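K.L.:
With the hints in hand, could you dock these two chains into one complex?
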Amino acid sequence: MPKMPTPAELLAATPAFPAKGWMDVKSEIRPGNYCYPAKPDTLLGLGFKRAHAWAPEDQDWNLPANWEDIMYNALKERLDKHRSLKVFMDVCVRCGACADKCHFFLGTNDPKNMPVLRAELLRSVYRKDFTLAGRLLGKVAGARRLDAGIIKEWYSYFYQCSECRRCSLYCPYGIDTAELTVLVREMLLELGLASNWIMDPVSNCNRTGNHLGIQPHAMKEIVEFLCDDIETITGIRIDPPFNEKGHEILFITPSGDYFADPGIYTFMGYLMLFHELGLDYTLSTYASEGGNFGSFVSFDVAKKLNAKMYAEAERLGSKWILGGECGHMWRVVNQYMATYNGPTPPNLEQPVSPITGTVFKNAAATKMVHIAEFTADLIHHDKLNLRPERNNHIITTWHDSCNPARGMGLLEEPRAVLRAVCNNFVEMPEHTIREETFCCGSGSGLNTEEIMDIRMRGGFPRANALRYVADKHNVNWMACVCALDRAALPPLTEYWVPEVTVSGLHELVANALVMKGEIPRTMDMRQEDLPFPDPEPEEPETQEPEEIGTGAATEPKSEEDA
Amino acid sequence: MNVTEMCAARREELLGMWVERFISSYPLQSAGFMRTSTDPFANPVGQTTRASLGVLFDAVIGLDASPRQVKAALDDLIRLRAVQDFTPSQAVGPLFLLKDILRTALLDPDSAEPKGRMGQSGREELPRARPSAGEILDGCFEAEARLDSLALLALDLYAADRERIFRMRVDEVKRAQSSLLRWAQRQGLSPEGSGNSCSGEGNA
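Each protein sequence line maps, in turn, to chains A and B.
With numbering that gives the first Met the number 0 as the guide, the letters of the first sequence map in order to residues 0 to 561.
With numbering that gives the first Met the number 0 as the guide, the letters of the second sequence map in order to residues 0 to 203.
Isolated chain B, as found in the complex (with noise of 0.2 Å):
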């Protein structure tokens, strides 16, 4: 047995865990219905942070995943944080905190994975050999440094975030206008109508 297969052997709990440091970043009184509730449209953010995280777990651990599928997981979890009124090392950085719970499953001796798991050929299968520490090691340093790099990504991700919203903010203000931009050029005026007003305001 390898790193990744004792991480997946363990995903729910190890990804629980994870999930459960994301929505700590939630308040107090609203953290419970976010664990409780798995309607995706009745609970958006808890179930868009489950799903998420549970396509990046994968990626991290060394699970074959396809680079689109785990973009596309990061970009869902990184523009919701993005809006969510965090400082941006808040919003990404329970990201991290898989490290710490990846080290202390696999590191410690007694959270040894799971014995005589049912196989899928219904007979109970013997624990697989455990891996030497130096394995363990390797895999934790493999696994962090796949993390790091979904961490860079998010960097881009909740920067092009951050963009999009102010590139909004200005295009809104153009679009509210529009038929009103169009008449001041067809009179002559600048866009901002500088010279003769066309708006009430300007003639009272």
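Isolated chain A (complex conformation) (with noise of 0.2 Å):
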């Protein structure tokens, strides 16, 4: 009769990771490891042909009968159009450099996420079929020949990188992991396999202009009911225009900021800052969406996304684009519009801030200014009438969000808005921060609910660092210039530090700035009471004659209101 085995001999007895080589290691593709696939509908009306229904947990992914030659062509076209996917491929000295940055490799302690090796996943296959030693010695010289096992890994692992390329900050040859990720997801695409939370806003944002595909009137009340929500705090009614021709400036932020909570908030921010200095500016629900979805997946597709912002600054004649506080958007931008959409419609110009006169030089080639660049120097240039002690119940950090971060070099504008906002702010702990910052680990279409674990592990160095401080300094909240962040980061502290909120920087922004004819704030954005409310009013020259004498203190203020 068998014995019960000892607690020993039970974790002994389950399979526990492999010694073999990490290529006899098949990838198991079981719930949780895996993105929802892509409805073929959804990528049918984007044009790709070979779009078809799957599940990943099938044996059998439906692949077209002549995959492997498809998959050869693939990448020999890519190799040929991107000489960087070339050098990578052949350059990388595996020196292991990058293996321990990786957020994902940290929190999974999977070696196949360290970025090195996930490369290889690709790497080995082009030995095979593209280099002498890989074609004759095979195995030996780290070849393998593809199979749909590998097309399985591939799934697996591409969609476990976040591209958020802090790895390549630290490659002694600055290998782009992130470029190799959206090129493998590329070859992917060109069998019908994608990922729904990515391919879903990337048809959405094609045909209708926003990432849940809201048509303009809806959207246009939404933004109404987020001016309500403004008047009741500020007792300021604004009316953004959409649409409207004549404009100096164009303002298009990703449309989580117009949907999704936190962002929301974010907005209701922009649209008092607007406000507040009488910019001339419209909105537009075509080009409602700053983020690119499809840079996560192809270079093709995102290009297409990318040239609705100059396309529609032309319709309306506008003379520069400002951006909202978005990520990818930004590494978009920096990197790839002018290739990609350039050069710009004539009627854009250099940037320049009619507040300030500020010139924006970095933005000459593109004609976009991060609003936090905007900010920034409003700020520098005392034009704003800021309270930041309404922040004081407030201990924030700032994570530098990957792309605006290592992708564009913003690092100081933020923390300069970030500081005159708000008095209590302290850094994460070096190297987790800047260009050493760790991902929230949802980036690039990792954003989906499927995948929980995985970003949990992969958002742990981020949330590490972070506990450090909450526990240290009673940090309690954190700000950040991305939307992805914004969505991606609220479930990360609830699991690893529930005590911290998450936030844009706008949305402090807001608390802090005292409009002209705005009522005694008693509350923040989300419609909380301030724990430091607005005293008495006593600066005559935030004042209006009316209100004078009216306002009394706080509490008997809100009696009235009750």
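If you're looking for bench data, these hints aren't it; they were derived computationally from the structure.
Warning: the hint list may mix true and false statements.
[Claimed, not checked] Below, in silico cross-link-like pairs of lysine-lysine (DSS-like), each with a Cα-Cα straight-line distance of 25 Å or less:
{"#": "1", "chain 1": "A", "residue 1": "75", "chain 2": "A", "residue 2": "219"}
{"#": "2", "chain 1": "B", "residue 1": "70", "chain 2": "A", "residue 2": "471"}
{"#": "3", "chain 1": "A", "residue 1": "244", "chain 2": "A", "residue 2": "219"}
{"#": "4", "chain 1": "A", "residue 1": "219", "chain 2": "B", "residue 2": "70"}
{"#": "5", "chain 1": "A", "residue 1": "80", "chain 2": "A", "residue 2": "302"}
{"#": "6", "chain 1": "B", "residue 1": "70", "chain 2": "A", "residue 2": "38"}
{"#": "7", "chain 1": "A", "residue 1": "219", "chain 2": "A", "residue 2": "25"}
{"#": "8", "chain 1": "B", "residue 1": "98", "chain 2": "A", "residue 2": "2"}
{"#": "9", "chain 1": "A", "residue 1": "48", "chain 2": "A", "residue 2": "25"}
{"#": "10", "chain 1": "A", "residue 1": "307", "chain 2": "A", "residue 2": "85"}
{"#": "11", "chain 1": "A", "residue 1": "85", "chain 2": "A", "residue 2": "219"}
{"#": "12", "chain 1": "B", "residue 1": "98", "chain 2": "B", "residue 2": "70"}
Remember, predicted model here, so these are calculated numbers, not experimental data.
P.N.:
Below, the structure is given as structure tokens:
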């Protein structure tokens, strides 16, 4: 009769991580480690002819009969088109500098999440088909023949890379893993394999303009609700212009800011800031998604979605584009936009702040300014009346979002803004911020609920650093400048550091912004009571004459309201 | 010398063996890195494991331990392992492996405590009398009982962590379209929008 095993025997008997080499370890596709596939209709609508129904857990993914040829040609075509890819395939010396820099490796400790090994998943196939040594020596030269198992492995592991590029920072050759990831996802798309969370928004942005596919009338009404909230909080009615021609500035932000909590509070912050400045701007329902979901999976799709920004700026006759708080939008703008869709339409000019006269020379090529740059410039020139005391209950830290930090060097501007609007600011530890920032773990389209576990372990290094400042300095807030972060960090903090609230930068700006003619503030942007409400009005320059004398102390005022 | 003191005297060695059992649950290629890097931010999994097990070890061997601290340490450890692609038994199982480690260390007559340690006074301390076999056995049972309590607590924490994950998945979907749900409600539509869809998809 068999006996019950001891815990040691039980643990030893469960399939541990194998001692075999990585090439001999087949990837397992099981719930929780793959993204749900895109619907065939969605892909067909975008022109991907090989879209088909398939289920990740099925043995057979219904690949086209000649899928091996398709993949060979897809790789060949990309090697010819992207010289960077050819270099990345050949130049890696497997020094391992990248290995422990990846948050997915640090969180999962799965060797295939080392950037070097993730790239090797493709590189081994490249060697077999495109190098002499690989052809002759095969496995000895690190080459392997493409098979259906490898396709599954790619779908699993290249959707466990958030394209954050932290590894590239440490790579002595600057191998850009994000670019490799995009290219492999692009190749998978040629077989009709893609994730629903990415392709649905791509389709919606392509068709309607924003990632949820909300039609213009509904979108406008949703913004009106947000304006209702602003009126409740500040007593000021704002009526933002939509799709109007002839305004100086076209404002484009990720559509998550219109629809998703807590991005909406940041969006309200933009509107309040623009109103206070009297900015000559318009919103657009067509170019209503600054974020570029296409950039996660395909350079061609990214180009197509990116094009609408200039098209709309041209149609509306704007002089320059102000962009909201977003992450990958800015990597696309900084690194690819000029190549994709340049030169800019003739009506676009080098951006100049109408308030301070600052010429944004950094935006000479793209004609697009990040709102953190714009607001930092306003604060630098002392153009805003701010009352940071309203944020005194907040001890905030700053999460450098990967793309603005590493992709465009936006490091000081948001910090300058944050310091001006919040009296308590604590940095997370060195090597976890600025260029070395840890990703939220959900970038590049991984922000989907079915892989929540993967996201939690991928985001653990970020959360671990946050946890440190929360324990040591009582940090209770984390601000950031990326819409995906605003979606991805709330669950991350809820799991790892529940006492921390996540917000965008301009939500805190809006809390602190003293607007002309506003009522004494008793609520923050989320309509929660301010622990340090405004005192009885006394600054004459911020008060309208009729309000003097009526503004009682906060408590009686709220009683009146009640 | 009692069992608690015997274990405390060999803390680093025994704790190291326990940590090792946890780290062996990670892949071969990764485990080396987890052992060698001591930066809590560069090696968060390894260091969280090490720090938590340190607190738990002291509690198990019978040193004074604040329940709050012990629970926090266990919480850190289980929260991490609950999302790391382990089965529940793999996630909490290595906790039990301390039993073997302690038994071997205490009951094996050859593995006596280190002799001639330097005391705090700077003078060499004489080795103190080894407790009787019965006393050791009693101490061992007590330590194991404390470990069992930790394991029960770990079960609670693990279950709570998994429930949190599933709740977060639902909350995230709601958050992602919060203003849309509000719009639908004002239009008199159910949140599912079964009647008059406002999305492009519905009109396609």
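K.L.:
With reference to the structure, classify each hint as holding or not holding.
P.N.:
A quick look at each hint next to the structure:
no.	hint	verdict
1	A:75 <-> A:219	46 Å, violated
2	B:70 <-> A:471	19 Å, holds
3	A:244 <-> A:219	17 Å, holds
4	A:219 <-> B:70	50 Å, violated
5	A:80 <-> A:302	15 Å, holds
6	B:70 <-> A:38	45 Å, violated
7	A:219 <-> A:25	50 Å, violated
8	B:98 <-> A:2	19 Å, holds
9	A:48 <-> A:25	29 Å, violated
10	A:307 <-> A:85	31 Å, violated
11	A:85 <-> A:219	47 Å, violated
12	B:98 <-> B:70	19 Å, holds
Checked against the numbered hints given earlier, the structure breaks hints 1, 4, 6, 7, 9, 10, 11 and satisfies all the rest.
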